[in-house]
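Q: These are the residues of each chain, in order.
Protein chains: 2
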Amino acid sequence: MTSAMRNQPLADLPRRILMGPGPSEVHARVLGAMARPTIGHLDPAFVALMDEIKALLRYAFRTENAMTIPISAPGSAGMECCFVNLLEPGDSALVCVNGVFGGRMKENVERCGAKPIVVEDAWGRAVDPQKVEAALRANPGLKAVAFVHAETSTGVRSDAATLCRLARDAGALSIVDTVTGLAGIPVEVDAWEADAVYSGTQKCLSCPPGLSPVTFSARAVDAVRRRKTKVQSWFLDLSLIMAYWGDKDGGARTYHHTAPVNALYGLHEALAMLREEGLEAAWRRHAIMHAALVAGFEAMGLGMRVDAAVRLPQLNAVEVPPGIDEAAIRRQLLSVFNLEIGSGLGAWAGKVWRIGLMGQSATPAYVLACLSAVESALQGDGAKIALGRAQPAARAVLGVS
Amino acid sequence: MTSAMRNQPLADLPRRILMGPGPSEVHARVLGAMARPTIGHLDPAFVALMDEIKALLRYAFRTENAMTIPISAPGSAGMECCFVNLLEPGDSALVCVNGVFGGRMKENVERCGAKPIVVEDAWGRAVDPQKVEAALRANPGLKAVAFVHAETSTGVRSDAATLCRLARDAGALSIVDTVTGLAGIPVEVDAWEADAVYSGTQKCLSCPPGLSPVTFSARAVDAVRRRKTKVQSWFLDLSLIMAYWGDKDGGARTYHHTAPVNALYGLHEALAMLREEGLEAAWRRHAIMHAALVAGFEAMGLGMRVDAAVRLPQLNAVEVPPGIDEAAIRRQLLSVFNLEIGSGLGAWAGKVWRIGLMGQSATPAYVLACLSAVESALQGDGAKIALGRAQPAARAVLGVS
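The listed protein sequences correspond, in order, to chains A and B. To convert a position in the first sequence, counted from 1, into this note's numbering, add 889. To convert a position in the second sequence, counted from 1, into this note's numbering, add 889.
Same shape as in the complex, but just chain A:
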């Protein structure tokens, strides 16, 4: 039809090394699972699989929340699901903004007809609990406190336990974005007593994008039940979704939407692999790969943009050397090495690269390949970097000679 169609058939798609901000590398087991024959979304065999997925998600989220399911759409729909179900027109909510996704949360609050009260921290800084505490004191009666646990735009981790506690102490529900956090760093939904938590599949779970795991505490479910108004989204109305996913395992199911059957096969397989590795082992692996990558870049002479104390291991903001066109480097990495890394967003555009070490992408081979490819591209562009030092530094951290 179009010339693009003749030039670029599916079979010619490149094989990439995915080290951007997501999607991450998807294991062959997960790809294979998605290629299993489709069955009906109300088939008893599929309903049994849904119960397994819920149980596995509870494992990943460290929660006993009954209401723990994947939303049938990407992470931004999971975000919207939390806001539209918990907020009603006229409510007020505290929103902590320290990057792109906090800003998106604010948009969500406004589009619910609710009032956002913003606590802002600079890009690259964690959410400041003292500011949150002061804002909660100054604004009594807030319905919710929303923050990003793992900011994908900057690579910053905020103190979810403390922020959830502050919300609870103020009588507000906590809404936690851990799209990039889940399975890469500790996410402790029950220990935090978090109320509504959402994630994505294409980060440390290493599934293709398209689903958004969410978990709601009993308190949050109760708040949904006590709403005075209908949820503005029919598709994301939790009470309808629960009739399909089941309030309890093995219960009857009512058709709501048609679930993305094959994507859920993939999620099941990825969660099964996470359980085989063990959640703590996965966290450790992400931490070690991160340490090796940082050692390599620092040996090369490149700086990390975020303080070590609040860095996410799975999302590394690496400073672009002066005088270097960051987009040209990324294009080179893609065309020469089939390696994808991410650009900076917003205020950080042109200033940092975002390098992901998520899920199946967090491996020694990928860390070393990435360091070598970046060194090669920067050398070619005449950047002042220390040559030949990154590999030994990273290998030392990895414990290989």
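No wet-lab data here; the hints were simulated from the structure. In this text, all values refer to a predicted model and were calculated from it rather than measured experimentally. We put the beta carbon where it would ideally sit given N, CA and C, even for glycine. Treat the hints with care, since some could be wrong.
[Stated by the list, open to error] With the Cβ distance kept under 10 Å, some of the chain A side facing chain B (calculated, not the full set):
| no. | residue |
| --- | --- |
| 1 | 997 |
| 2 | 1125 |
| 3 | 1145 |
Assemble the complex: chain A is given as a structure, and chain B must be docked to it using the hints.
A: Chain B alone, transformed into the frame defined by chain A:
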């Protein structure tokens, strides 16, 4: 973890013959496409694939609409996308209800803060254009007229060309649900001058569920641009989605949500297969399989619930014989033959089966297998049916001896 998890691993999932109201049989080529390695949602190679998908969707929808894309969520999100983008609080919209999905449209109108004016027709009847015309005359100034072209709950086709014309003549935008229609019967978006049309992937396109192709006319896009209020859904905000999918092919792309990369591989392959077969040939195939199925059931002595003039070939409402427990028959079909057919919904629960002949499920072998399996199950349950007549009747229509 749970006993269900040990008993029902993914590898033990049954292989089903899918002849319910969707999902339909997914071809091995589509399953294989979905198992291709994931690449980034902003990768130039993926952006080229997106342009191909848009072009192929325009072919399927018979439209030149620039704004023709798959929404990254199931059909009910496609429905919601049309309503939340076109309606603003205080608007009024005419909604034609002749089954479950018209009712869901009404819900959508209400949740947009708009006023639904309902034109009701009995289940099993097409939307009556005269009633619509009268309602439009009685209610000037309506923003939209919404109707279901192919009602999945009943198997009824309504006259989309006429209904779109009535809407246009009244100065209203038309919103058309053709989730079950696309690729099974003629969908002529440009010839109808339809304004907002949505479909699903798991019906006659024979993809897994999870995506919702939509197309918006220039008039509809203009209405979105002239909104006074923000779209209440961030995830479904068309102006943001278009910045990612591109106003024109080959243009720059801005990150909105992370697209479901592998599901889109599958959609591309299914659309490529549709183009290889040819849209008209696919329509013909659905019509012939339908005629064979009906001939078989009528020879058996079972009635069709919907008048021949408005029947959808791809969704057949077959009357349950008196005294038969329809759910027991479906359970038997599933356990003995691995054959899935659908139950009746709402007022038709217990009274009809819904048998799908959609996409890859619309084949001679499936038609004959379905007739034989139903005959076997009914005979076992003591139903008064004519034995041995269905197969020759169906084969005669199929032109095989």
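Q: Could you run down the list of hints and mark each one as holding or not?
A: Status of each hint after checking the structure:
| no. | hint | result |
| --- | --- | --- |
| 1 | 997 | 6 Å, holds |
| 2 | 1125 | 8 Å, holds |
| 3 | 1145 | 8 Å, holds |
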